[in-house]
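Peer 1: Note that the protein sequences, when read in sequence, are chains A and B.
Residue 64 in this note's numbering sits at position 64 of the first sequence, with consecutive numbering throughout.
Residue 457 in this note's numbering sits at position 75 of the second sequence, with consecutive numbering throughout.
Each hint should be verified, as a subset may be incorrect.
[Stated by the list, open to error] Pair ranges (Cβ atoms, derived): (1) A:S264 x B:E466: 32 to 40 Å; (2) B:F385 x A:N4: 54 to 62 Å; (3) A:K200 x B:A384: 21 to 29 Å; (4) B:E466 x A:N4: 30 to 38 Å.
In short, the hints are calculated from the structure, not lab data.
Note that the structure is a prediction, hence the values are computed from the model and not measured.
Yeah, the Cβ is synthetic: ideal placement off N, Cα and C, and Gly gets one too.
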Amino acid sequence: MKRNVKFVQGNEACVEGALYAGLDFFAGYPITPSTEIAEHLSERLPIKGGKFIQMEDEIASMCAIIGASLTGKKVMTATSGPGFSLKQEALGYAIMAEIPCVIVNVQRGGPSTGNPTHVSQGDVNQARWGSHGDYAIVVMTASTIQDVFEVTIRAFNIAETYRTPVILLFDEIIGHMREKLILPEPGEIPLVERMRTSVKSGVDYHPYLPREDGRLPMSDFGGKHRYNVTGLFHDMWGFPSTKPEIVHGLLRHLNDKIINYAESICMYKEFELEDAEIIFISYGASARTVLHTVKNRRKAGEKVGFIELQTLWPFPYNIIRRKCANARHVIVVEMNMGQLTRTVKNAVEDHRKVFLMNRIDGLLITVSDIRNILRMLQGKGV
Amino acid sequence: MAFKDYIRERFFPHIWCPGCGHGMVLKGMLKAVEKLGIDKNNIVMVSGIGCSARITGYVDFHTLHTIHGRALAFATGVKISRPELCLIVPMGDGDALAIGGNHFIHACRRNIDITAVIMNNRIYGMTGGQYSPLSGIGKYASTAPYSTIENKFDIVKLAETAGASFVARTTTYHIREMIDILCMAISNKGFSVVEIFSQCPTYFGRKNELKTPTDMLNYFKDNTTPIGSKVKEANPELIERGVFINSSMPEYCEEYDKIVAKAKKNTEV
Ligand SMILES: Cc1ncc(C[n+]2csc(CCOP(=O)(O)OP(=O)(O)O)c2C)c(N)n1
Ligand code: SF4
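Only chain A is shown next, with the shape it has when bound in the complex (with noise of 0.2 Å):
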């Protein structure tokens, strides 16, 4: 079979992806470096009869994709940082709602406006954290562009199954970056569509009743279920209420639905880890320079591993514990003040064995940055 092979931007791949996953609904505000994404979906969408549109603010595209998710639509908004912070009230009320939807955060340099056209990872535990309340959400990344596509087709997939925004964390690098892209015919890979409740026309349906594995059955806003929908703490039906059972059960599913599947949430890829005995962690555009220097230090006869993160939150916690387990050094390599390496120092048993290696000047961390690192560990001096 002929690939259709092209050569595209980060950004394009989470357009190719949004659209194989049957994106029906873009709503957005132009910010470096996520323009691009609305500017090929603004030309994208009307040809398959999808619609896009600008809002006036970061604010009123999170709405709007909400609303528009609660028709039944596959939604999308893309962002970067000062967006990003603007759409965390909406943000939570779409996890109170349950409702499918996809936020992608292009990360620049922050706080505030800081360095929109340079890279960094800054917002990793705001991705997490960011709202208010407790509650628990996807976060998935990419160091490829072919991981792009597929983890944004993912991203829709976890979406739909679990009622859930799912984020996309990509950083300046993965998203203005050239790589080939192969595209996958339709159907080559599986796609989630949202489950639909069975209840009949007539019958009382509770739109808020989850059932055993925590998925909820939906019925689409204009169809034939009327039903209220609230970020207030409601029963059943969606009607608010301040019943301490019913906050209490809906606080604990909120949260069960997404941490007790975490394992088969989580993706991630391992490089040589068998006989490692410094283990590398990083996930996003810094991945590509740990990938690259692990592979060439194996090749010294060095034994060094891998992890990459793909999957940031809900954190592997056990996956990394084994993993990790036998190894003298774990290396956390990211472009922040170490927010995940605080999270690996909490998975693995003695957390004295696990360093940041950070850059936080708007460059990619180079080979020589981890050379150095690692001579220190392996007592060469620098």
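Fit chain B with the ligands to the supplied structure of chain A, relying on the hints for placement.
Peer 2: Relative to chain A, chain B with the ligands alone:
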């Protein structure tokens, strides 16, 4: 269908104070829907946060109770996805014009087929009587113990300038007029704004010497007049009621359909 069939009795009694105007607006809206004979399954009611916004819980439509100020943005997403549905968005004055002011003017500008009903009680009811952008100068509120010094918006002028294709004003005292106006607003193919003076006896009334709901209703009666009436000439301070704008303008979803057709045509070659 009987008026009662539009209500979710299971969720009553409602949360509003005795004498609150919001229940009268609810009744007016349901009467309008009944009069127009719209199928309940085709109505989506979207609201933000506030006493007014709680309306959505009580009506038997598809209802979306969202976050403070953003109802129109949610409604825009619903409408664009399913243009055949009828969208009604009840909002408080703070919800619509303080935190939600930006979404409001942009919804007007797009002329998207949604009916915005602003229940203007000139105060933040839900949070306990703070002043709003509609309070106006010289009013008392829990955050204006020495009286307010800020000008208020003129919702009608704002909506008109921003591009809404239907703009009207009425009050809870004039319930028949309210129903007629709501019917016209809902029927308009475009963005419709209906400002309804609604009484909050608990906070606005109590702090501003309109002690009872009746005092407040009488205030609406005595201080308003139909557009272009003779009385207005003699008493220019009277506030006009009625339909200010009712014009036919390109509607957003219909225009978007043309974009879809254009995009498809361009890719055919
Ligand atoms: C982001 C945010 N800020 C503040 C609030 C608190 N709040 C709830 S309702 C409200 C104002 C309500 O006033 P209005 O919209 O005029 O409606 P009313 O209650 O008078 O009907 C405020 C400030 C909130 N819920 N969310
Ligand atoms: S506080 Fe005011 S607006 Fe709220 S329910 Fe009471 S009377 Fe109505």
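Peer 1: Hints first: check each against the structure and report whether it holds.
Peer 2: Each hint tested on the structure:
A hinted range of 32 to 40 Å for the beta carbons of S264 of chain A and E466 of chain B is consistent with their spacing of about 39 Å. Under the hint 54 to 62 Å, the C-beta atoms of F385 of chain B and N4 of chain A, about 58 Å apart, fit the expected range. Between K200 of chain A and A384 of chain B the beta carbon distance is about 24 Å. The supplied range of 21 to 29 Å therefore holds. A beta carbon spacing of about 36 Å between E466 of chain B and N4 of chain A agrees with the range 30 to 38 Å that was offered as a hint.
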